[in-house]
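Residue-level listing of the chains:
Protein chains: 2
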Amino acid sequence: MNRRTFLKTLPAFGVLAGTATSFSQDLQPISLPKPEKDGGKSVLAALWERKTNRNISPQKIPMQVLSNLLWAAFGVNRENEPFGGPGRTAASASNSQEIDLYVALPEGVYLYEAVPHRLRPVVAGDFRARSGRRAVATAPVNIFYVVDLAKYSKAPFQEPGLKDSDVVKSYYYVATGLIAGNVYLFAASQGLAAHFHNCDKTNTPREFKLRPEQRVLFAHTVGYPADGQRPR
Amino acid sequence: MNRRTFLKTLPAFGVLAGTATSFSQDLQPISLPKPEKDGGKSVLAALWERKTNRNISPQKIPMQVLSNLLWAAFGVNRENEPFGGPGRTAASASNSQEIDLYVALPEGVYLYEAVPHRLRPVVAGDFRARSGRRAVATAPVNIFYVVDLAKYSKAPFQEPGLKDSDVVKSYYYVATGLIAGNVYLFAASQGLAAHFHNCDKTNTPREFKLRPEQRVLFAHTVGYPADGQRPR
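Here the protein sequences line up with chains A and B, keeping their order.
Using numbering that gives the first Met the number 0, read the first sequence as starting at 0 and increasing by one per residue.
Using numbering that gives the first Met the number 0, read the second sequence as starting at 0 and increasing by one per residue.
Where hints are given, some of them may not hold.
Here chain A is said to cover these stretches of chain B; the calculated rule only asks that three of the stretch's residues, wherever they fall, bring their Cβ under 8 Å from a Cβ of chain A [as the list claims (entries may be wrong)]:
{"#": "1", "region": "87 to 99"}
{"#": "2", "region": "113 to 124"}
{"#": "3", "region": "169 to 176"}
{"#": "4", "region": "179 to 185"}
Per the computed footprint, the stretches of chain A lying under chain B, defined by three or more beta-carbons under 8 Å from a beta-carbon of chain B, are [stated by the list, open to error]:
{"#": "5", "region": "36 to 47"}
{"#": "6", "region": "167 to 180"}
Bear in mind the hints are in silico, worked out from the structure with no lab data behind them.
We put the beta carbon where it would ideally sit given N, CA and C, even for glycine.
Isolated chain A (complex conformation):
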């Protein structure tokens, strides 16, 4: 989040993204390898490395690193919680798990399904430029944070006046930050560069085939630092 990209990128996106559109049936689901249990820097050591780095190489990241990254962001880290569902790496309001991660790779956009730990095809084509300008558009992974208001279908969200209120907004933006915090720290622990920023909210709802209850909020770009050595 910095001055240049955090506030000023929104109006410019229409002319930046390519017109690549295609059908998701061109893409196959990606079964991600199991996320690793350990490795990389400690939390304290990673926090010393945590920063925004917008200078990101187009170099692809290995499938195991992508798997670890998405799991770190908002994967399932425990089963059979008292409330009846799987627990996630990031908290959410009343465990609504209201944020979905749409992942733009060079070949297409996928929805991250946390329980099977799998990428479900959404649309083929290169939509990474919907995330941002310059290096961001060529970075190997762009994660779009999308809230699904339909996830607020149960109590206590059915209280009068609560639906899509300022209170609910505060919940889903905090939930976005909690996931983004995981992404930043995972990146720092692995020597990856990460950059959280605004994104196109005009074209993506249609292109990503979102329902009216879904809203694109922010995006997070991750890859190897362009100005550094490839980490171990």
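Add chain B to chain A, keeping to what the hints say.
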């Protein structure tokens, strides 16, 4: 964030907190020891342990752990960034660093000053119950997330219509989540329990002597798990 505390605690706080009020001059500033550079679990291993735990012991945490916790949350992790100021462990909108951490300890409330890494006295007295009910009110540390809208004094926040708009709110709630993500992962890396939740927004602005530009958003309770062994 869970059903019981995340949504329903707000109206009940007026009768829960004690009436302890005093003068901050009763308290002395606390110079925190330098945050440690390493130690505890890796980021991946901590993510496997990340969860909300509301069952928190009243046992105090050592000063070095408190120092590490607050630094992890939103401390200074690098000097002389290109934009001219110190870098922090959590990103913020256009580097506004708009969130302040008010820390309620048993003896009083302090403001965390990141650059000197120090706790500045705000008010003496036990205000931990302003954070939540039951165990939360006796937990050793309660962190209140407070946005300071005066930090948005520079471009690009001076654009017309932006001040305290929905856009700005999205920034400070995401910034809160980014800090809270650090707190959750640091806690998980050290075997501490953590619980992010709503808090009293009615009494705290006056009690914490906030300016009109400041707003209390959420709170985070941290301590040793009451149901587990004290970690190493």
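Verification of the supplied hints:
no. : hint       : in the structure
1   : 87 to 99   : holds (count 7)
2   : 113 to 124 : violated (count 0)
3   : 169 to 176 : holds (count 7)
4   : 179 to 185 : holds (count 6)
5   : 36 to 47   : holds (count 12)
6   : 167 to 180 : holds (count 12)
Violation of the numbered hints given earlier is confined to hint 2; every other hint is satisfied by the structure.
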